[in-house]
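Visitor: I would like the entire structure built from these sequences, with the hints used as guidance.
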Amino acid sequence: MQHSLSKKRLVSYRILVFFGFVLAIVWLLPIIGVVMASLRPYNEIIDGWWRFDELHVSLKNYEYVLFQTTIPMIRPLVNSLFSSIFGALIPALFGTMAAYAFTRHYIPGKTVVTVIILCLMAIPGQMIAIPVFQRINAIGLLDTYTGVILMNTVTSLPWIIFFMMNVIKGQSISIEEAARIDGASDYQVFVHIVLPQSLPALASVVILQFVWSWNSFFWPLIIVYDMDKLMATQVIPMLRGQFYTNWGALSAAALLVMGIPILIFLLFQNIFIQGSVGFADEK
Amino acid sequence: MNRKLRIETLVFILPALLIIFFFMFLPMLESLNASFHANDGTGSFVGLKNYIGIFKDPAFINLKALLEGKQPFGAMINSLNWILIHLPLSMILGLICALIMIKLPKYKYLRSVIFLGMVIPGVITGVVTQFLFEKSSGMVSNFFGFLGVVSLYKSWFAHADTALLALIFTSVWVWTGYSMIVFLSALTTIPQSFIEAALLDGANSPQIFWFIKLPFLKSSMRTVVVMSIINELTSFDMVYSSTYGGPGGASNVLGLQMYLESFRYTRFGTGAAIATIMTVIAAIPIYINVRNTIRNRG
Numbered sequence: 001m002q003h004s005l006s007k008k009r010l011v012s013y014r015i016l017v018f019f020g021f022v023l024a025i026v027w028l029l030p031i032i033g034v035v036m037a038s039l040r041p042y043n044e045i046i047d048g049w050w051r052f053d054e055l056h057v058s059l060k061n062y063e064y065v066l067f068q069t070t071i072p073m074i075r076p077l078v079n080s081l082f083s084s085i086f087g088a089l090i091p092a093l094f095g096t097m098a099a100y101a102f103t104r105h106y107i108p109g110k111t112v113v114t115v116i117i118l119c120l121m122a123i124p125g126q127m128i129a130i131p132v133f134q135r136i137n138a139i140g141l142l143d144t145y146t147g148v149i150l151m152n153t154v155t156s157l158p159w160i161i162f163f164m165m166n167v168i169k170g171q172s173i174s175i176e177e178a179a180r181i182d183g184a185s186d187y188q189v190f191v192h193i194v195l196p197q198s199l200p201a202l203a204s205v206v207i208l209q210f211v212w213s214w215n216s217f218f219w220p221l222i223i224v225y226d227m228d229k230l231m232a233t234q235v236i237p238m239l240r241g242q243f244y245t246n247w248g249a250l251s252a253a254a255l256l257v258m259g260i261p262i263l264i265f266l267l268f269q270n271i272f273i274q275g276s277v278g279f280a281d282e283k
Numbered sequence: 284m285n286r287k288l289r290i291e292t293l294v295f296i297l298p299a300l301l302i303i304f305f306f307m308f309l310p311m312l313e314s315l316n317a318s319f320h321a322n323d324g325t326g327s328f329v330g331l332k333n334y335i336g337i338f339k340d341p342a343f344i345n346l347k348a349l350l351e352g353k354q355p356f357g358a359m360i361n362s363l364n365w366i367l368i369h370l371p372l373s374m375i376l377g378l379i380c381a382l383i384m385i386k387l388p389k390y391k392y393l394r395s396v397i398f399l400g401m402v403i404p405g406v407i408t409g410v411v412t413q414f415l416f417e418k419s420s421g422m423v424s425n426f427f428g429f430l431g432v433v434s435l436y437k438s439w440f441a442h443a444d445t446a447l448l449a450l451i452f453t454s455v456w457v458w459t460g461y462s463m464i465v466f467l468s469a470l471t472t473i474p475q476s477f478i479e480a481a482l483l484d485g486a487n488s489p490q491i492f493w494f495i496k497l498p499f500l501k502s503s504m505r506t507v508v509v510m511s512i513i514n515e516l517t518s519f520d521m522v523y524s525s526t527y528g529g530p531g532g533a534s535n536v537l538g539l540q541m542y543l544e545s546f547r548y549t550r551f552g553t554g555a556a557i558a559t560i561m562t563v564i565a566a567i568p569i570y571i572n573v574r575n576t577i578r579n580r581g
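First to last, the sequence lines map onto chains A and B. Residue 197 in the numbering used here sits at position 197 of the first sequence, and the numbers go up by one each step. Position in the second sequence counted from 1, then plus 283, gives you the numbering used here.
Quick caveat, the hints were computed from the structure, so don't treat them as lab data. A couple of the hints might just be wrong.
Some but not every residue of chain B turned toward chain A, in silico, with C-beta under 8 Å [to be verified]:
no., residue
1, Ala348
2, Met422
3, Thr562
Restraint-style ranges between C-beta atoms, simulated for each label pair [what the hints assert, rightly or not]:
no., chain 1, residue 1, chain 2, residue 2, range
4, B, Tyr548, A, Met227, 15 to 25 Å
5, A, Asp228, B, Tyr570, 54 to 64 Å
6, A, Val57, B, Lys339, 34 to 44 Å
7, B, Leu435, A, Ile139, 44 to 54 Å
8, A, Asp143, B, Phe494, 52 to 62 Å
With a straight-line Cα cutoff of 20 Å, these simulated EDC-like cross-link-like pairs (lysine to aspartate or glutamate) come out [claimed, not checked]:
no., chain 1, residue 1, chain 2, residue 2
9, B, Lys501, B, Asp484
10, B, Lys332, B, Glu313
11, B, Lys437, A, Asp47
12, A, Lys110, B, Glu291
Where is the CB? At the ideal position from N, CA and C, for every residue including glycine.
Guide: Here is the structure:
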């Protein structure tokens, strides 16, 4: 009896493993297709990348999109890298500073401000797009990296403040109080106690925010238009021709742009999973 | 705690709060205000004229096409359709994936594969759409060709009746990973003793799912619904990079229509009015989200 039950369980477990793999393969196929198309000449993939009558693998498409097209991808990739690093570090710093004061200091009207920030977190970007465009234009930041970094900062500050508020709330206040009795100022407490304790959480914030800045498209589209300043995501729609699309080149460019987020995701999977489950669930 | 606002406190909060105030809070009110003002640059107050104009615009709602049942229905209808089709599909698929993956703790990388779509840029998802639904080189269209479904063996995004569906299905491919992860985290909170007790009482798998697992999933379902609706309503990147709303507006959505009005035709009043309508629709999910977050924080 016991034996047959465990045997039955083993069979159903194997069926589950099978379905799990089928699902994962189906989900992976679109990306495999892009990889295949990027590595093979146009005439081999035009009738489907899964046909292998002829197989010539080369990096020609990459060479072409990186250096030879009208908009060589190398420059936009560097632009995106630069803007995303600052677009992650600046909001992480400002957000943590605000979160510290919000958790530990007296602020009049704290609840109201918190609720407003919480509402703004989910507001559609479209709702602020026009005035933001006009203001960025007015202060001379149109068509600059600073403008893009500014908008990456603005749109991420609400969630970073909330995330870091929960983190700091979870830290023991007694060390801070002890330091204060020894005469430490707010800045010293923040730099020498709060920041070091928050470092793991802060690393998560920077990693997630880097990827989200890298992936962002709407704000760069509105803010940056000079060919030398385009972000990598902006180049992708430009490669799509109206009548003719070079699939090989488009796939290679797509892979270059999604390669970095995918790599970061594979290295730090847990951070992404916690990030999407939401800070609301964290204690 | 000292009940006095100190200079030090201001140094900590002002950088973040000033940025949020000038580039988020104020713009939100300015958009609302702009939606009641003229497009022509004079900025004169026109009341609800922009809103009335939107609802008369076939690019927003095309009643005639809707009655005939032939695209383009307009951006508003397409966005609502997007929610209606996308939400149940991505939730059910995500739930199925979660129920399978929870039993396979040894194969965590399978979860990562399904989640992968969530970390790639939306513009790339647009490229993937084209790649899946192109007639000769696309997997989905070729699959239907293989099955002998001639009507779907075509470039989906080049035909008015299928362009929007191609986008929605690709988006489901992305968001299934999200709902799977949220459901998985809820499933892990179910005490194993509950399930064992039910098994001892002779409960079968459907009963365990219905009476034990589903109640535990209720709050995460709310999370998925809220986050999905906000995302579906504002989808822009993948539409822009794949169909640009075409052909003939058949896959136009609110996010794109707002962009076109504001930044292509520079009709800021109309653009702001569309944005306001989007925000009003999103208000209910945003409210639920805010309420849940406050409740969870205790």
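Visitor: Honestly, which of those hints from before does the structure not fit?
Guide: 1, 5, 6, 9
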